[in-house]
Amino acid sequence: MIKDFEHFAPKTLKEALALLAKYGDDCKVICGGQSLLILMRQGLVAPKYMVDIKGISELNYIKDEKDGLKIGATTTHRAIEKSPVIKKKYPVLVEMETRLASIQTRNWGTIGGNICHGDPAGDPVPVLIALNATLTVAGAKGKRSMPVENFSLDYFEVDLKDGELLTEIQIPVPPPRTSTVYTKFNIIESDLATVSVAASVTLGSGDGVCQNVRIALGAAAPMAIRAKKAEKVLKGKKITEALLSEAGEVAATETEPISDIAASEEYRRELVKVLVPRMTKEALARAKKA
Amino acid sequence: MKKELKFKVNGQPYDIFVEPKKLLVEVLRDLVGLTGTKRGCNSSSCGACTVMLNGMAVKSCSVLALQANGAEVVTVEGLATGNKLSPLQKAFLDHGAYQCGFCTPGMLMSSTALLAENPKPTKQQMKEGIDGNICRCTGYNSIIRAVTAVVKGEYKEAK
Amino acid sequence: MSEYSVIGKRVHNVDGTEKVTGSAKYTFDVVMPNMLYGKILRSPYPHANILKIDTRRAKRLVGVKAVVTGKDTLGRKQGIWRRFPELCDEEILCRAKVRYIGDAVAAVAAIDEDTAEEALDLIDVEYEPLPAVFDPMDAIKEGAPQIHEGVELNININRHIEWGDVDEAFEKCDHIREDKFKCSSQAHVCMETHDAVASFGHNGKLEAWTSSQSSYYIQRLYADMLDMNESDIRVHNRHTGGGFGSKFELDSAQFCAAILSQKLCRPVKIVLTREEEFTATKRRTPMYYFLKLGAKKDGTMLAKEVRVITEGGAYTAMGATALYLTGFFSSFPYKYPNYRYDGYRVYTNTATTSAMRGFGAPQSTFVGESQLDMMADDLGIDPVELRRKNGMTPNYEVPGQAFIQSCGLHQCLDKIEEHIKKQGKLPPNHGIGVSAYGFMSGGIFNWFNTPYAFSAALVRINIDGKVDVYTGACDMGQGSNTTLSMICAEELGVRLEDVRIFSGDTGICPPDLGAWGSRQTLMSGNAVKRAAAECKQQLIEFAAAKMGANIVYDLDIKDRWVHLVDRPERGVSYFDIVKETIRGKDGVAIMGRGHYTPHRKGMISPAYSFGVQAAEVEVDPETGRYKLVNVTTAHESGTVINPLGIEGQLEGAIMMAGGYGFCEDQPMDEGKILNPSIADYKLIRSLDMPETDILEIDTYEPEGPFGAKEAGEGLTNPTAGAIGNAVYKAVGVRIYDLPITPEKVLKALKEKEKQTKKAKK
Ligand SMILES: Cc1cc2nc3c(=O)[nH]c(=O)nc-3n(C[C@H](O)[C@H](O)[C@H](O)COP(=O)(O)OP(=O)(O)OC[C@H]3O[C@@H](n4cnc5c(N)ncnc54)[C@H](O)[C@@H]3O)c2cc1C
Ligand code: FES
Ligand code: FES
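Chains as they are written, first to last, in this note's numbering: chain A, 58 to 347; chain B, 479 to 637; chain C, 53 to 813.
Everything labelled a hint here was simulated from the structure, so no lab data went into it.
Just so you know, these numbers come straight off a predicted model, no measurement behind them.
A couple of the hints might just be wrong.
[As the list claims (entries may be wrong)] Capping the alpha-carbon separation at 27 Å, the derived lysine-lysine pairs in BS3-like fashion look like this: (1) Lys338/A / Lys802/C; (2) Lys105/A / Lys484/B; (3) Lys474/C / Lys601/B; (4) Lys146/A / Lys598/B; (5) Lys601/B / Lys679/C; (6) Lys500/B / Lys139/A; (7) Lys500/B / Lys105/A; (8) Lys85/A / Lys60/A; (9) Lys234/C / Lys802/C; (10) Lys85/A / Lys601/B; (11) Lys71/A / Lys499/B; (12) Lys338/A / Lys144/A; (13) Lys630/B / Lys598/B; (14) Lys338/A / Lys285/A; (15) Lys338/A / Lys799/C; (16) Lys481/B / Lys85/A; (17) Lys499/B / Lys60/A.
[Said to hold, decoys possible] Just a sample of chain A residues kept apart from chain B, beta carbon distances all over 10 Å, derived: (18) Asn117; (19) Leu217; (20) Lys292.
We put the CB at the ideal spot given by N, CA and C, even for glycine.
Could you build the full structure based on these sequences and the hints that come with them?
This is the structure in structure tokens:
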């Protein structure tokens, strides 16, 4: 049962921040509510005041700029999925979105809400890590930015201080000869990930050497993580099957998975061992074509 | 404290006061009195409560009613025109795309939204279109056949 | 060409337009003046004594109108096995002891659901937790906690079935296999959760609306529990949002709503939440299976021995039937000359297990068909061939148990063999698995102890020739209202649109046991057919007199035309005859009554349907993940009354039975179900659904109306077994416990790899 609360629907970021500053701890941000309302119904969250940012249009945008892509926090999953410019320049985001929940949830749920929810099994964060994205948050005292991989702190815990809102996601223009891919492993197609892997590979010019690689894992630790040691195995080398499988083994050691009803800890590690090489190889193949 | 909610349901304007915690599904069923929209899980997982909100399919159990302020909502009751069924409704009948019928309003709303957005979906897109909706009776394939028939234009005259 | 004018046509359900327009009213939608909303407080302990319940704080909450506990009931225990009082063991509102997490201890009625829910938090219950036991293998051990007074080793019931000389037969076998399996639980997940509106009047009579598969059972069980006359209780069955075996026992929503309404004389509505639906209603029975199978070199199966221990959960429910049927169907669909079954149902401190679509047969089919494939492998015989060699044939007697009249198993095997051949060589890591099955068309058992016929119907023809059918049968979505209307129209010679059906209202319909055990097409169908025939006879008598036809002619009615069978052009309008017959009867509408109770049809069922299924999977050997590619079913169910209905039953069954094999499960920790939500309980969705094909086989069942038999539950039986066999064909590993998850497949693959390496060394 959802407890009574007072509802505010600010129209601007400024108004929203003022409300958050005013009500402090007693208040909670709602955007699409797709994740939050479930928690509220279970009585896990029961704020006195709700600041509803769904209608703040200044945070709802997709901009393709010189230094990269900017996505406002209240942009829906579906808007990202259907954006022609994203489809053209960042197809991995579209691939990721089409497998995120159902159309109904994507129509109303937002990318900002997803990131702030801090679910380690969420799809966007691993992809954004692989894409080397940054986030901007705003509070009464001003703005700050950070790499997306630093934002998640623990299970359902993110680096948002009281009164702060996530406002924007920035994705830099990928270097030439780069390709990013994503897969999520689950049993029911549209379900949350049992384990997910995003991999981004940048090839050196002409030599076929892996100049740079970013590997991110979802549902393999209390938050989405970068498999930095596995990246090291591959970076600057000409990639072979042996190296790939070594990267998989190393990535598995970087995880801290849990056992739950979807899978055991061991199985999740096994999946990482298989999927990291598979995805890296896929990214490599696509980067060669790019 | 109750707040004003002004919105349209199936073309009819409503101006009512609701508690902020009320979900769209509750307002539609209990206050507007349209019980066609069902509730199967109350947690965004089954799709029985699907309605169209400004043309998009959403799960009305997971949308605060106040977020529909100023919006146009279409429920299953809004699909037929007078005594004329919509093409999808007819196709659902002919293809046995329902059994107990409890998921059917949601299925119809998801498929209606799908075709409104994309009149020529592929089979895969049709499956994606109803993937947020659980049906424990039909096994989905008859629903896909019904949508396919509409896409092929077999129900044109029904419009 | 079919000689029928209604039967065999693809028609949409008679309630279809209501369902596609949202105007169909379910119990979930019922709102009445002065109505209150109820909520139920449930035990957080798997096993505990209730020391004290203090409801004072809850009663003081503004908006709360009543709070009841077990003390407000008569303290009776109910159960659907009414013939055996010791098996009626469930109080519903517990007075002294709770036996599973979810057992009801109190209920509240308030002005709205939120208030009622808030009040639940204000009820103080003092429990004394008791040691609990969750696994039947532990519960039957000496010294295990006793769940029901006086029930030793927690053995609720045991069943024994035997024919031939099993021990002697094993001696003669060239090859014997012994295997162990474990079948998991499964939730029904009806889209409409259990719900009820109960309304007591000041006259002491009860009227109830509830989502159920058997209005009569609910009426009778209410009468038992409330000590009332059956006739003072009227149970309505509106549209029902799914049943699948979960909705024909008295449940907590129905009972608590009635107890609350009795106190207040106001209508009380209770709708179970999805979480309650998962944790506090009944579910499929998990089973430990021990199988021994013996065969000759040529594949002749000589003997089978089956031992089963089932997890009963807290109460008996329909579990006794599941225990029996899993034993009986373990012999299906084969002619074992020697067979022995011993089954034990064991109480545990878990949610009660009971009936679910297939009723024990999905379990027996999974284990039996898995083992049969292993046997085929051992003997080097093709799996289809092995099934053909031993499969049942028409007019076969299951020794001392049952008589099978129509049986199309062999045609089904031929079709499936053809289908597999057509697929040619499969791509790597693909496999096709086969599974054969049979099922009953309604049970002959009367543990409910009904004094009435199993099915009954009334048919009335009004002055305008339109026909009203009254039947206690319940349509929960399987389309029985349509099937029965079609049977009536065919028998009477009118069109489907001439028939209107009133079903499941105990106030106006004759009692019928309801929709379970796939009984309605055959049993209720026969009752309706007979009632219609009685009406028709009256019309024909009158028409014969009126037409002055030669006495040698037979009359019949087809498509509203009353005519001479041999001279169809000679006839009169059905509508005219109806008018005149009614006038001739002094203005009384034409009425016919019909009933059906199987007699001399063995101990199980009057008829059986059969089929063979082939499932194709594609396995990713690195992760164990597999995809259901295609499921093709060759199936016979006698005369097909409504092809559209059968297709729906079949595809729906694959969603459910495929789920049983693939992903559905109810893992527990200390009796607590860990996935009580649709988000966590994995269900096959549209993107996961395989392609489905049906190969229909013609048969005719002499016992069924127009030759029809069941086509509902049986279809749930084969899929888990077919999937298991397909995975084996694809990558060579066998999974012995359901569901067959990718994790288990990968583990088995690694194990196999290890064994191969070892063998090489
Ligand atoms: C059935 C179902 C299936 C799902 N499947 C998937 C899946 O497969 N993959 C996946 O990744 N996700 C999945 N999700 C999660 C869901 O899609 C996202 O978490 C959702 O989109 C969140 O967006 P929202 O706008 O609805 O957030 P809300 O629910 O409104 O908010 C979520 C949290 O973020 C906070 N918040 C929201 N916006 C901001 C902001 N701008 N600044 C600061 N805090 C903010 C809220 O206070 C709250 O704590 C699923 C959800 C459901 C219900
Ligand atoms: S009731 Fe809204 S998704 Fe189930
Ligand atoms: S028709 Fe019953 S759930 Fe879909």
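Structure-based check of each hint:
| no. | hint | result |
| --- | --- | --- |
| 1 | Lys338/A / Lys802/C | 23 Å, holds |
| 2 | Lys105/A / Lys484/B | 24 Å, holds |
| 3 | Lys474/C / Lys601/B | 24 Å, holds |
| 4 | Lys146/A / Lys598/B | 25 Å, holds |
| 5 | Lys601/B / Lys679/C | 17 Å, holds |
| 6 | Lys500/B / Lys139/A | 30 Å, violated |
| 7 | Lys500/B / Lys105/A | 15 Å, holds |
| 8 | Lys85/A / Lys60/A | 13 Å, holds |
| 9 | Lys234/C / Lys802/C | 21 Å, holds |
| 10 | Lys85/A / Lys601/B | 41 Å, violated |
| 11 | Lys71/A / Lys499/B | 24 Å, holds |
| 12 | Lys338/A / Lys144/A | 22 Å, holds |
| 13 | Lys630/B / Lys598/B | 8 Å, holds |
| 14 | Lys338/A / Lys285/A | 17 Å, holds |
| 15 | Lys338/A / Lys799/C | 25 Å, holds |
| 16 | Lys481/B / Lys85/A | 18 Å, holds |
| 17 | Lys499/B / Lys60/A | 7 Å, holds |
| 18 | Asn117 | 14 Å, holds |
| 19 | Leu217 | 21 Å, holds |
| 20 | Lys292 | 37 Å, holds |
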